[in-house]
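Undergrad: Start from the sequences and build out the full structure, keeping to the hints where you can.
So the chains spell out like this:
There are 2 protein chains.
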Amino acid sequence: MDTESNLNRDIPVLDWSPYLSERAQGMTSSVIRELLKLTQEPDIISFAGGLPAPELFPLREIEEACRYIIRKEGTKALQYSATEGHPPLKDYLATAMHKYGVPAVPGNILLTNGSQQALDLIGKLFINPGDFVLTGRPTYLGAIQAWRAYQARFHTVNLDDDGMVVSEIEHAYKKAVADSGRPPRFIYVLPNFHNPAGTTLPLERRHRLAEVAAALDLPVIEDDPYGELRYEGEDIPPICTTIPERTIYLGTFSKTMAPGLRLGWIVCPEVLMERFLQAKQGSDLHTGTLVQYVASDICERGLLKPHVRQLRKVYKERRDTMLDALAEFWPAGSSWTHPQGGLFLWARVPESIDTNEFFKLALAQRVAYVPGISFYPNRDGGHNAMRLNFSFSSPDLIVQGIQRLGTALKNALTE
Amino acid sequence: MDTESNLNRDIPVLDWSPYLSERAQGMTSSVIRELLKLTQEPDIISFAGGLPAPELFPLREIEEACRYIIRKEGTKALQYSATEGHPPLKDYLATAMHKYGVPAVPGNILLTNGSQQALDLIGKLFINPGDFVLTGRPTYLGAIQAWRAYQARFHTVNLDDDGMVVSEIEHAYKKAVADSGRPPRFIYVLPNFHNPAGTTLPLERRHRLAEVAAALDLPVIEDDPYGELRYEGEDIPPICTTIPERTIYLGTFSKTMAPGLRLGWIVCPEVLMERFLQAKQGSDLHTGTLVQYVASDICERGLLKPHVRQLRKVYKERRDTMLDALAEFWPAGSSWTHPQGGLFLWARVPESIDTNEFFKLALAQRVAYVPGISFYPNRDGGHNAMRLNFSFSSPDLIVQGIQRLGTALKNALTE
Chain A
1 MDTESNLNRD
11 IPVLDWSPYL
21 SERAQGMTSS
31 VIRELLKLTQ
41 EPDIISFAGG
51 LPAPELFPLR
61 EIEEACRYII
71 RKEGTKALQY
81 SATEGHPPLK
91 DYLATAMHKY
101 GVPAVPGNIL
111 LTNGSQQALD
121 LIGKLFINPG
131 DFVLTGRPTY
141 LGAIQAWRAY
151 QARFHTVNLD
161 DDGMVVSEIE
171 HAYKKAVADS
181 GRPPRFIYVL
191 PNFHNPAGTT
201 LPLERRHRLA
211 EVAAALDLPV
221 IEDDPYGELR
231 YEGEDIPPIC
241 TTIPERTIYL
251 GTFSKTMAPG
261 LRLGWIVCPE
271 VLMERFLQAK
281 QGSDLHTGTL
291 VQYVASDICE
301 RGLLKPHVRQ
311 LRKVYKERRD
321 TMLDALAEFW
331 PAGSSWTHPQ
341 GGLFLWARVP
351 ESIDTNEFFK
361 LALAQRVAYV
371 PGISFYPNRD
381 GGHNAMRLNF
391 SFSSPDLIVQ
401 GIQRLGTALK
411 NALTE
Chain B
1 MDTESNLNRD
11 IPVLDWSPYL
21 SERAQGMTSS
31 VIRELLKLTQ
41 EPDIISFAGG
51 LPAPELFPLR
61 EIEEACRYII
71 RKEGTKALQY
81 SATEGHPPLK
91 DYLATAMHKY
101 GVPAVPGNIL
111 LTNGSQQALD
121 LIGKLFINPG
131 DFVLTGRPTY
141 LGAIQAWRAY
151 QARFHTVNLD
161 DDGMVVSEIE
171 HAYKKAVADS
181 GRPPRFIYVL
191 PNFHNPAGTT
201 LPLERRHRLA
211 EVAAALDLPV
221 IEDDPYGELR
231 YEGEDIPPIC
241 TTIPERTIYL
251 GTFSKTMAPG
261 LRLGWIVCPE
271 VLMERFLQAK
281 QGSDLHTGTL
291 VQYVASDICE
301 RGLLKPHVRQ
311 LRKVYKERRD
321 TMLDALAEFW
331 PAGSSWTHPQ
341 GGLFLWARVP
351 ESIDTNEFFK
361 LALAQRVAYV
371 PGISFYPNRD
381 GGHNAMRLNF
391 SFSSPDLIVQ
401 GIQRLGTALK
411 NALTE
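These protein sequence lines map, in sequence, to chains A and B. Counting in the working numbering, the first sequence runs from 1 upward without gaps. Counting in the working numbering, the second sequence runs from 1 upward without gaps.
Among these hints, one or two may not hold up.
The list treats identical chains as interchangeable, and a pair is accepted whether it falls inside one copy or across any two copies.
No farther apart than 25 Å at their CA atoms in a straight line, the calculated lysine-lysine pairs in the DSS-like style are these [to be verified]:
hint, residue 1, residue 2
1, 316, 305
2, 360, 410
3, 316, 175
4, 99, 313
5, 313, 360
6, 99, 305
7, 316, 99
8, 313, 76
9, 37, 72
10, 76, 37
11, 37, 313
12, 37, 360
13, 316, 76
Worth flagging that the hints you see were computed from the coordinates, not collected in a lab.
TA: If you want it as structure tokens, here you go:
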């Protein structure tokens, strides 16, 4: 008997749209999720995802930590646990972040399911339907998606090679006030190795941004998933060091340890912690206990730092390989950012090429990227730009992929 | 140098309340979370939590699965993964649920961070501010908390010893329409071994509920965290077998494997899957990859079923111990439900005792429970009731704890 078909045969189809919330009616699928499906085939060279290099995952360390933790304190590591997060992990994070000046103490850190959940909790706590949020132009796609689910609207501030053009914030603020009759809820900033732009905000712009935020009485969301992955230059103090009282800082283990653990964190002003705990508890009670114990064990044994050093070495080489290949193979009129760290660079092709249209031609050459328009909340830019990831593919494949893209671009230009 | 105090000294305190969403202003802390803090001390006999017995966690199986998975496919098990969930795990779940008649196929299952996240995603997709939700009276606290965060209001339907009094649903529906001018969004039901009531909805009431839901054009949320933990009687088909097109069914590994993995799932009509994926992706991209691989490995190796058989045996003994102790030690005028499964029973004490007030006296005797009022969304009942968990404590401690409560109750009655 085919149980499955018997069970599912003749189920009437109900139209659920009348039951959906207004919130849900505005949700859309991530373009990237759809794109990534196209790029799963094994012969595709994908610069599209934001994937860390899986061959560098600290497998042995994670395996050992699993064994040790389950044997030593399995009954705790597999039980329900505190909404706040695992105390020893918070202790480690507080100390580790002091290196960058982040004013973290165990009491103002909340562990989340990757930093995507941090973005969601921020939406839940701060966004009313129709409210404006200020972001860069382009900005991180996951933030757009998280906040659209709370019916946010967006006003944007341009980016140049040094990241967000801070002098435009006040103008964007005024537009939000004019359009909604109230101030925007916060400004969202990715100061280090911006996703997708690959830019880094210099110290003086961070100071200026802090001044503007304070002057406009605007909270700041400082998203820093790549801060540890710097390949050149000096660390620059995060914005939260200047205006800790109005900054919510986000970190993650997804790029330094492994994304499949789903471990990120929030550092917030202590007056906000109770609110985040309420939101987090309603969302999923707490972050996975086992993965927190495992991450904590790896950190406590001092295994994360040497691993991150190794990541920096390999990713720097891949970035350099991509930069060299772009210079060698791409047509005149193209340009790209020179990221000091992170996983991405932002490339512009000659104006006559629409990267959304060109995507099919690239895929025919078995290469994938993300079209620039995806990163513009109002879809008003990035038509001749694309995000290229350099962490996932080997140097050989990077050269091949960039060369194939270059050839396809040249062909498109001469048609 | 004391870095921490230097970093955090003199941070001005900002009042964030003007920045909060209307949603956030209505959030409150879980009473249980606050209570559980009081009951962490080691000499407390706690019937308050909903914790599975940690000494029964399948530690060896989980440890072996971690080792096997990380060695065999660590690069996949630690990478970003599909929002839908790990395909082999969905295959297993679909087949496993067919035993109960749940019309699950891999394409209508979504893995979540425990079933609390399922409740959150449901709130996100279906609840507008001020909308009514219909629940039992009492009902699961986590659902109240999840949906209050989306500004839900509640109308409730009484429970008797057979669970939800289905004949009252239409009345509650009409009250919601009268109070909000629109239909309630859905009805939330826990048919098996209700938390907190310990009741089980008989087959004819399930059929009647399905008829009422169809007649009122009302979606049904069927929450079934304890269905596998039946200690007597026959399995009863879930409501989703009768009205699959309008039921969202929720399951979890928290009670059968381990809560610290944070693994639950949704089975929904296939037309809804895209909406759930959008909501889930904005919330946290996907559920932890490693824990899904580990759970899948344990299931595929056939280790879950014998483990659940062991749980049933131990928990049945604990339930019986608690029922016997209640009969022996509690004062006349008390009564309690006789759960056929699950983790909880619901006890009523003589009317003159308020279980919220009595909590302090119980704690002085080093015993904890959850006061009944916590489970009433409108705080309009449960004054002389309490939820007692029987899965966490050993039989010896169950007898001691119930005896101490009985003595304290008798003292309170004679004062």
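Undergrad: Does each hint hold? Answer for all of them.
TA: Evaluated hints:
1. 316 / 305: So residue 316 and residue 305 pass the 25 Å test inside one copy only (16 Å; across, 49 Å).
2. 360 / 410: within (15 Å within a copy, 78 Å between copies)
3. 316 / 175: For residue 316 and residue 175, neither the intra-copy (40 Å) nor the inter-copy (64 Å) Cα distance is at most 25 Å.
4. 99 / 313: For residue 99 and residue 313, the Cα distance is within 25 Å only inside one copy (20 Å; across copies 52 Å).
5. 313 / 360: neither (33 Å within a copy, 59 Å between copies)
6. 99 / 305: Answer is within: at 12 Å inside a copy they meet the 25 Å cutoff, but 49 Å across does not.
7. 316 / 99: Result: close within a single copy only, 22 Å intra versus 53 Å inter.
8. 313 / 76: between (37 Å within a copy, 22 Å between copies)
9. 37 / 72: Classified as between; 24 Å across copies, 41 Å inside a copy.
10. 76 / 37: between (38 Å within a copy, 16 Å between copies)
11. 37 / 313: Neither. Shortest intra-copy (30 Å) and inter-copy (45 Å) distances fail the 25 Å Cα cut-off.
12. 37 / 360: within (14 Å within a copy, 57 Å between copies)
13. 316 / 76: between (39 Å within a copy, 23 Å between copies)
Figure legend: structure checked against the earlier numbered hints; hints not met, in rising order: 3, 5, 11.
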